[in-house]
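Based on these hints, arrange chain A on the given structure of chain E.
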Amino acid sequence: DGGITQSPKYLFRKEGQNVTLSCEQNLNHDAMYWYRQDPGQGLRLIYYSQIVNDFQKGDIAEGYSVSREKKESFPLTVTSAQKNPTAFYLCASSIDRASGGAIEQFFGPGTRLTVL
Amino acid sequence: KNQVEQSPQSLIILEGKNCTLQCNYTVSPFSNLRWYKQDTGRGPVSLTIMTFSENTKSNGRYTATLDADTKQSSLHITASQLSDSASYICVVSGLKTNAGKSTFGDGTTLTVKP
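These protein sequences, in sequence, are chains E and A. Quick note on numbering: the first sequence equals residues 18 to 133 in our numbering. Quick note on numbering: the second sequence equals residues 366 to 479 in our numbering.
For reference, chain E alone in the conformation it holds in the complex:
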């Protein structure tokens, strides 16, 4: 899991509640990402940030929000607007921005969110 930590490992939410997933990295990486993984499906990009105080929507940003106030931290909030939030959420970071090349992503251990 490299130098990326995610918490909590398991999270339960009641319908209508917002919850925030934590992601911290000590790799000094510029870029950070949030993905959602559903059973039997590939990872889908929710949000990404290439630099502090800036972030971009991914393919499935609706119902989610993020902030990037510090280089090491990229928390994800799952809002009540997300209609099907039960999934495995993965945070990742990489050393480079949009320069192509062989960029390696390092993933955290994941947070499993279940809506009750």
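If you are wondering where the hints come from, they were derived from the structure by calculation, not from laboratory data. This structure is a prediction, so every number in the text was calculated from the model and none was measured. No residue lacks a Cβ here, since even glycine has one placed at the ideal position from N, Cα and C. A few of these clues could be false.
[To be verified] Listed below are the simulated DSSO-like cross-link pairs for lysine-lysine, each with C-alpha atoms no more than 30 Å apart in a straight line:
#1 E:LYS31 x E:LYS100
#2 E:LYS31 x E:LYS74
#3 A:LYS466 x E:LYS87
#4 E:LYS74 x A:LYS436
#5 E:LYS100 x E:LYS26
#6 E:LYS88 x E:LYS26
#7 A:LYS478 x E:LYS26
#8 E:LYS100 x A:LYS466
#9 A:LYS466 x A:LYS422
#10 E:LYS74 x A:LYS366
#11 A:LYS366 x A:LYS436
#12 A:LYS436 x A:LYS466
#13 A:LYS466 x E:LYS74
#14 A:LYS382 x A:LYS478
#15 A:LYS382 x A:LYS422
#16 A:LYS422 x A:LYS366
#17 E:LYS26 x A:LYS466
#18 A:LYS422 x A:LYS478
#19 E:LYS88 x A:LYS466
#20 E:LYS100 x A:LYS366
[Claimed, not checked] Pairwise CB distance ranges (calculated):
#21 E:GLU121 x A:PRO394: 11 to 21 Å
#22 E:ASN70 x A:PRO394: 48 to 58 Å
#23 E:ASN43 x A:LEU460: 28 to 38 Å
#24 E:GLN34 x A:THR416: 43 to 53 Å
#25 A:VAL410 x E:PRO56: 11 to 21 Å
#26 E:THR131 x A:SER418: 41 to 51 Å
#27 A:LEU376 x E:SER97: 21 to 31 Å
#28 E:GLY57 x A:SER418: 28 to 38 Å
Same frame as chain E, now just chain A:
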């Protein structure tokens, strides 16, 4: 639309046997292709990264090949062990896109039985 297709979807082999997983992609222009191993309930871990000019790369018992002309890659696992049981994910990045905009395959689930 950029796509990455992996086959087979799942595979069961006996411990000690070899196996090969396939990855076909349509991402263009191509930048790099990565293979990850993901244990159940955990984050993916990088196995190999290959750019356009590389056609093979090894990491222990894992050997990845790349044919950029046919847009195909394979991951060969030699002398499989029970700990190889996992999902193997192929990820392809295009030029001028960061890693986050990569295209992920759905993965191949490998089960190694004693």
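Hint check results:
no.: 1; hint: E:LYS31 x E:LYS100; in the structure: 12 Å, holds
no.: 2; hint: E:LYS31 x E:LYS74; in the structure: 25 Å, holds
no.: 3; hint: A:LYS466 x E:LYS87; in the structure: 22 Å, holds
no.: 4; hint: E:LYS74 x A:LYS436; in the structure: 28 Å, holds
no.: 5; hint: E:LYS100 x E:LYS26; in the structure: 21 Å, holds
no.: 6; hint: E:LYS88 x E:LYS26; in the structure: 22 Å, holds
no.: 7; hint: A:LYS478 x E:LYS26; in the structure: 28 Å, holds
no.: 8; hint: E:LYS100 x A:LYS466; in the structure: 24 Å, holds
no.: 9; hint: A:LYS466 x A:LYS422; in the structure: 23 Å, holds
no.: 10; hint: E:LYS74 x A:LYS366; in the structure: 18 Å, holds
no.: 11; hint: A:LYS366 x A:LYS436; in the structure: 15 Å, holds
no.: 12; hint: A:LYS436 x A:LYS466; in the structure: 18 Å, holds
no.: 13; hint: A:LYS466 x E:LYS74; in the structure: 11 Å, holds
no.: 14; hint: A:LYS382 x A:LYS478; in the structure: 10 Å, holds
no.: 15; hint: A:LYS382 x A:LYS422; in the structure: 20 Å, holds
no.: 16; hint: A:LYS422 x A:LYS366; in the structure: 28 Å, holds
no.: 17; hint: E:LYS26 x A:LYS466; in the structure: 25 Å, holds
no.: 18; hint: A:LYS422 x A:LYS478; in the structure: 26 Å, holds
no.: 19; hint: E:LYS88 x A:LYS466; in the structure: 20 Å, holds
no.: 20; hint: E:LYS100 x A:LYS366; in the structure: 26 Å, holds
no.: 21; hint: E:GLU121 x A:PRO394: 11 to 21 Å; in the structure: 20 Å, holds
no.: 22; hint: E:ASN70 x A:PRO394: 48 to 58 Å; in the structure: 31 Å, violated
no.: 23; hint: E:ASN43 x A:LEU460: 28 to 38 Å; in the structure: 30 Å, holds
no.: 24; hint: E:GLN34 x A:THR416: 43 to 53 Å; in the structure: 44 Å, holds
no.: 25; hint: A:VAL410 x E:PRO56: 11 to 21 Å; in the structure: 20 Å, holds
no.: 26; hint: E:THR131 x A:SER418: 41 to 51 Å; in the structure: 45 Å, holds
no.: 27; hint: A:LEU376 x E:SER97: 21 to 31 Å; in the structure: 40 Å, violated
no.: 28; hint: E:GLY57 x A:SER418: 28 to 38 Å; in the structure: 34 Å, holds
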